[in-house]
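Residues per chain, in single letters:
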Amino acid sequence: MADQRLPASYRCGVLTLSDRAYQGKSEDTSGPRVAELLREQGFLTVVETILPDEEALIAALLRQWADERQLDLIVTTGGTGVSPRDRTPEATRQVIECEVPGLAEAMRLSSLRITPQAVWSRGVAGIRGQCLILNLPGSRKAATENLQAVLPALRHGLAVLRGRVLDCGQPD
Amino acid sequence: MADQRLPASYRCGVLTLSDRAYQGKSEDTSGPRVAELLREQGFLTVVETILPDEEALIAALLRQWADERQLDLIVTTGGTGVSPRDRTPEATRQVIECEVPGLAEAMRLSSLRITPQAVWSRGVAGIRGQCLILNLPGSRKAATENLQAVLPALRHGLAVLRGRVLDCGQPD
Amino acid sequence: MADQRLPASYRCGVLTLSDRAYQGKSEDTSGPRVAELLREQGFLTVVETILPDEEALIAALLRQWADERQLDLIVTTGGTGVSPRDRTPEATRQVIECEVPGLAEAMRLSSLRITPQAVWSRGVAGIRGQCLILNLPGSRKAATENLQAVLPALRHGLAVLRGRVLDCGQPD
Chain P
6 MADQRLPASY
16 RCGVLTLSDR
26 AYQGKSEDTS
36 GPRVAELLRE
46 QGFLTVVETI
56 LPDEEALIAA
66 LLRQWADERQ
76 LDLIVTTGGT
86 GVSPRDRTPE
96 ATRQVIECEV
106 PGLAEAMRLS
116 SLRITPQAVW
126 SRGVAGIRGQ
136 CLILNLPGSR
146 KAATENLQAV
156 LPALRHGLAV
166 LRGRVLDCGQ
176 PD
Chain G
6 MADQRLPASY
16 RCGVLTLSDR
26 AYQGKSEDTS
36 GPRVAELLRE
46 QGFLTVVETI
56 LPDEEALIAA
66 LLRQWADERQ
76 LDLIVTTGGT
86 GVSPRDRTPE
96 ATRQVIECEV
106 PGLAEAMRLS
116 SLRITPQAVW
126 SRGVAGIRGQ
136 CLILNLPGSR
146 KAATENLQAV
156 LPALRHGLAV
166 LRGRVLDCGQ
176 PD
Chain L
6 MADQRLPASY
16 RCGVLTLSDR
26 AYQGKSEDTS
36 GPRVAELLRE
46 QGFLTVVETI
56 LPDEEALIAA
66 LLRQWADERQ
76 LDLIVTTGGT
86 GVSPRDRTPE
96 ATRQVIECEV
106 PGLAEAMRLS
116 SLRITPQAVW
126 SRGVAGIRGQ
136 CLILNLPGSR
146 KAATENLQAV
156 LPALRHGLAV
166 LRGRVLDCGQ
176 PD
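Chains as they are written, first to last, in our numbering: chain P, 6 to 177; chain G, 6 to 177; chain L, 6 to 177.
What the hints contain is simulated information worked out from the structure, not anything from laboratory work. Idealized CB from N, CA, C, for every residue including glycine. Keep in mind that the hints are not guaranteed to be accurate.
Which chain L residues face chain G? A few, computed with CB under 8 Å, are given here [what the hints assert, rightly or not]:
{"hint": "1", "residue": "G86"}
{"hint": "2", "residue": "S88"}
{"hint": "3", "residue": "E110"}
{"hint": "4", "residue": "L114"}
{"hint": "5", "residue": "L117"}
{"hint": "6", "residue": "I119"}
{"hint": "7", "residue": "P121"}
{"hint": "8", "residue": "Q122"}
{"hint": "9", "residue": "A123"}
{"hint": "10", "residue": "V124"}
{"hint": "11", "residue": "W125"}
{"hint": "12", "residue": "S126"}
{"hint": "13", "residue": "R127"}
{"hint": "14", "residue": "R167"}
Covered stretches of chain L (in silico footprint by chain P; criterion: 3 or more residues with CB under 8 Å from a CB of chain P, positions within the stretch not fixed) [to be verified]:
{"hint": "15", "segment": "100 to 109"}
{"hint": "16", "segment": "151 to 163"}
Turn these sequences into a full structure, and let the hints guide you.
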């Protein structure tokens with residue numbers, strides 16, 4: 006019974022990285038869609054923001070959300086490609102203590118079944134304290150597909166991070 | 006003829022990482038299963054040990070097994086997840102000279118077909134001198150599945166490491 | 006109309022890494038095959054060279070081709086395995102500013118469907134300035150298979166690198 010009510014308590018932030026959306030030159034349709042998908046899974050989205058593709062700004066906000074707002078999960082969208090302004094993976098690597106490469110691999114693997122262009126997303130996933138940070142691509146379609154690829158796994162990992170369940174990695 | 010007798014000469018160590026198994030609070034069923042699978046492939050398992058999830062201890066033992074005992078292969082099980090005590094990948098990265106990312110990718114890919122939770126294993130594989138070090142998850146089931154995913158490839162790689170065959174990477 | 010003529014303007018270099026081929030003890034059949042595949046896609050192969058497996062030499066040539074010759078794409082073949090002389094990934098990491106892990110993952114994933122030995126290629130892909138550098142295995146067969154796995158994606162990524170198209174990673 007208790008376990009079934011836990012998911013709602015995971016607190017998430019959604020961060021959109023896009024110079025154009027930040028300047029109001031294009032609409033951010035990815036961030037709201039990501040937040041919607043998280044809420045459908047019973048997560049609590051407590052903050053949604055747009056930043057330009059500035060590595061230092063992104064890293065600072067990730068730190069603040071993880072450390073001060075004590076979010077369980079931060080999902081970013083945008084800035085993962087190979088254009089010179091795409092710096093989300095670099096900003097994320099600055100702040101995480103360890104990578105969880107399987108999350109990024111699973112997202113790209115899933116995307117590769119849809120488009121060969123999936124190879125260009127350099128998104129990473131990793132842990133800062135008890136907070137999981139997950140980079141999604143910037144397009145609404147790719148962000149949706151990537152998040153859906155790992156959604157079934159998120160709840161368990163967040164529970165392990167919070168010390169709420171034994172890691173499945175313990176010898177049984 | 007000689008080639009057919011070579012595999013038996015590969016000397017392996019199996020290292021279980023688990024605070025609970027080390028303290029005798031749970032039984033290590035993964036380590037013995039990993040050793041059994043290796044022996045079934047004609048490998049020689051010359052040492053099996055359990056350590057707690059202490060990065061420094063793990064790194065020290067990996068160095069000793071690779072350098073002094075001159076093992077060809079060290080397979081670890083446990084400590085690859087995202088709980089704060091899981092430090093096997095970090096200990097392994099401390100001692101390897103280069104990663105072999107394809108091994109970890111192939112293991113996670115294989116596990117993903119079984120469970121979406123496969124994304125949480127942060128296990129790495131890499132080379133120290135002529136020794137291959139391979140991190141498996143801690144559960145008996147996941148460790149078995151992960152090892153089986155790469156067993157067909159191990160013999161060739163170990164032969165290349167020992168300089169017994171030309172690398173298949175040479176232009177033909 | 007203009008877009009259809011763009012691909013021909015991408016300037017590529019093909020670099021074979023092999024002690025034996027450099028010394029004339031074996032024929033380099035991989036490099037010419039890679040160049041042929043690139044030309045079939047409308048790329049311009051402006052330089053093809055063989056170097057021995059020397060990390061410093063490889064890194065120096067990659068820098069020269071990217072910075073002075075201003076190539077759009079450098080494809081290497083050879084030196085990605087686990088024999089002590091295989092240093093192409095290390096040389097590549099020295100010179101790239103960021104990795105594009107999806108390219109290496111997609112190549113290994115594709116190879117894994119053909120042979121379990123695909124796990125041993127440590128090839129990386131990454132960006133230096135506006136130049137993409139891509140490591141392929143050394144065997145003609147594996148190099149061909151790996152390159153074919155990512156060829157459908159290359160044109161788009163090179164266009165993004167040159168600032169010729171908006172990154173698909175922008176929110177739509």
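Q) Given as covered by chain P, does the segment 100 to 109 of chain L meet the bar of three residues or more with CB within less than 8 Å? A) holds (count 6)
Q) Is the interface hint for A123(L) satisfied, with its Cβ closer than 8 Å to some Cβ of chain G? A) Since the shortest Cβ distance to chain G is 6 Å, the answer is holds.
**Q.** Interface hint for S126(L), Cβ within 8 Å of any Cβ on chain G
**A.** 6 Å, holds
Q. How does the coverage statement for the segment 151 to 163 of chain L fare against chain P, requiring three or more residues with Cβ below 8 Å from a Cβ of that chain?
A. holds (count 5)
(Q) Just to be careful: measuring from the Cβ of V124(L) to every Cβ in chain G, is the smallest value less than 8 Å? (A) 4 Å, holds
Q) Is the interface hint for G86(L) satisfied, with its Cβ closer than 8 Å to some Cβ of chain G? A) Constraint on G86(L) satisfied, holds at 3 Å.
Q. Was the hint right that E110(L) lines chain G, CB cutoff 8 Å?
A. 6 Å, holds
Q. Taking 8 Å as the limit, does the beta-carbon of R167(L) come near enough to a beta-carbon in chain G?
A. At 28 Å from the nearest chain G Cβ, R167(L) fails the 8 Å test, so the hint is violated.
Q) Taking the least C-beta to C-beta distance, is R127(L) closer than 8 Å to chain G? A) 6 Å, holds
Q: Classify the hint on Q122(L) as holds or violated, based on whether any CB of chain G lies nearer than 8 Å to its CB.
A: Given a least distance of 5 Å, the restraint on Q122(L) holds.
Q. Should the hint that P121(L) touches chain G count as held when the rule is a Cβ pair under 8 Å?
A. 4 Å, holds
(Q) Given I119(L) as an interface hint, is its Cβ closer than 8 Å to any Cβ of chain G? (A) Since the shortest Cβ distance to chain G is 12 Å, the answer is violated.
In the structure shown, a violation is registered for the earlier hints numbered 6 and 14, in ascending order.
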